[in-house]
Amino acid sequence: LVSCVGWTAADELFSCSDDQQVMKWNPASSESTRVLQLPGDVYPLDLHCFPRGTGGKRQSQAESFVLTSSDGKFHLISKLGRVEKSVEAHCGAVLAGRWNYEGTALVTVGEDGQVKIWSKSGMLRSTLAQQGTPVYSVSWAPDSDKVLYTSGQQLIIKPLQPNAKVLQWKAHDGLILKTDWNSVNDLILSAGEDCRYKVWDSFGRALYSSQPHEYPITAIAWALDGELFAVGSFNTLRLCDKTGWSYALEKPNTGSIFAISWSIDGTQLAGACGNGQVIFAHVVEQHWEWQNFHITLIKRRTMKVHNVINDAVDLLEFRDRVIKASLNYGYLVVSTSLQCYVFSTRNWNTPLIFDLKEGTVSLILQAERHFLLVDGGGLYLYSYEGRLISSPKYPGMRTDILNALTVSLSNDTLAVKDKADERVIYIFEALSGKPLGDGKPLTHKTEIVEIALDQKGLTSERKIAFIDKNRDLFITSVKRFGKEQKIVKIGTMAQSLAWNDGCNILCGIQDSRFTVWYYPNAVYVDKDLLPKTLYEKDASEFSKSPQIVSFVGNQVTIRRADGSLVHLHISPYPAILHGHVSSSRWQDGLRLCRFVKDQTLWACLAAMAVANKDMSTAEIAYAAIGEIDKVQYINSIKELPSKESRLAHLLLFSGSCQEAEALLLQAGLVYQAIQININLYNWERALELAVKHRTHVDTVLAYRQKFLEDFGKKETNQRFLQYAEGVSV
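Residue 1 is where the sequence shown starts when you use the UniProt record's numbering, and the numbers rise one by one after that.
Among these hints, one or two may not hold up.
Below, computed lysine-lysine pairings styled on DSS-like, alpha-carbon distance capped at 25 angstroms [stated by the list, open to error]:
(1) Lys469 x Lys544
(2) Lys146 x Lys469
(3) Lys597 x Lys613
(4) Lys597 x Lys544
By construction, these hints were calculated from the structure, which means they are not laboratory data.
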């Protein structure tokens, strides 16, 4: 039987079997050669290739691998077949060995129930754990600071730091045979003799549990980018989505599949089979959809484009195998192992082609004017003409673990959630690649799990929405010049979010409700209006943990937990209103609202009008939703004599007191600045301004005295007492 397999390069696989041979395979040319014959008493059990360096020092291939065996040793073997070192590690067989992501440490586990950490050169660093039962499988955490291992039916996560909290939970009803922990999505897979496979998050919460199969699950493995995983059992190979549902089931005649290894680019996998064969499998038939185009990868190097309006079909041929693709904003971007192709949906015959530096692209993100390629070396922003625009960098950048939830791109801005500190979002100017504004990243109180930038509107009003670990949804402005923009909470229990591609409408799934925020900017204009600008719908039809796939035009596509797609249509009117307002056609906006007769739309118009300082429209809209107090306040603003005081009162209307005061002081309207503080009962600030500008101190004291008399209180504030002695009121 073949016991273990591992890829060292995109087309080079090593396998070991019970006939003590180490073989090298090239699936592209179907060649295989024997590299090494192990001594007679050594039966190999697990193989793991040395990781290619992260950051700038990445090699295109691994130079060596670790092989664990039944005689209690592990062997470091170069890919030429030389045994560099053999180390006595455990009593009884060494059941598994894994390099960490940086290649700085190796963990081995054995039949003696020990978990040991070794240095790169094979020196023992520490014994992390000891238990009475064999440890069958081990995996590193994404940051290489914790180790996940099995203990019978339990899974245990143990940090390398001594005295740190250990997490342990019962995962299966039978022995756990295999685990895997992905560095991109931070999810854990486990497979057991109870014939089930399960998906967990890193806190040990169950996200998915499969139906019981006929035979124990003997192999399970993540693809590197964390979108797919493969499951192996007796005569069974299954391809699954990261949320657990199954894409494809094959029944090859292989016996049990004991190990699965994915190639570095995630396009193919190999399995070690019980009948002495090595099975190779390629992932095909991925789908991409946008408007009226449906694209399928039918072979490794061929895509089929189907235009559903006129039923036209085009075939796109590529020189090398397709690794990643993305279809949006009228362009299809495809990366192969060496090149990047950009097709316009208007013309499929003449793609723009340019060469890639690094090769394996792990993520493609598109905006209207440009797209982002992420590979092991960095982030690269290209225009659709194929010109490199910028390559943003930040300290401690690890690009291999970025995914679509942690990076977001718009026409002028790029946002990246950091891995070293999960509370930080780095924000870059797209065109220069420099950090935005004063260069400080955006920092939140708790860890952030998903981010999204809005796509339309002015650069100065770019917003970012994000969900934190407590599943609260926040929105904040990206531009920060000195003054700290408030981070405002607009939703709770949010599971997924997406901005519209054509206007700044946000949709999300909160707990059991599907919600659309027609004008999220309302939180900065008039907080009380936000609940009135929402559309909510019961989301129980989407089953638990649905994900929003896309929000294009007025159609939202949602993927349910079982993998099926659900399409939802929302009202087209808010998008039309956004269009009117962005080109200042207020009369058309009013006409639209009167035609639709919908409170939500009026509330959106009111907020938009205040944001754009169009008071007459705001007055009509507020009257339509019955906010009489605000109508009166707007009327009083319109009667103010000077432009500055009108602006200041508008700022007060939106709740920005400091800015209003600063504006009045700048214009030299000291008395008005003092008066607004008195009206807000900011007594100390009013007195401070009066004393600083040596004017109206008596007025402030008089108002204060009247205020105290009305409430029948005595003056206790020292400063007021001190000034009251010197001033007769």
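Hint check:
no. : hint            : in the structure
1   : Lys469 x Lys544 : 18 angstroms, holds
2   : Lys146 x Lys469 : 20 angstroms, holds
3   : Lys597 x Lys613 : 23 angstroms, holds
4   : Lys597 x Lys544 : 35 angstroms, violated
In the structure shown, a violation is registered for the earlier hint numbered 4 alone.
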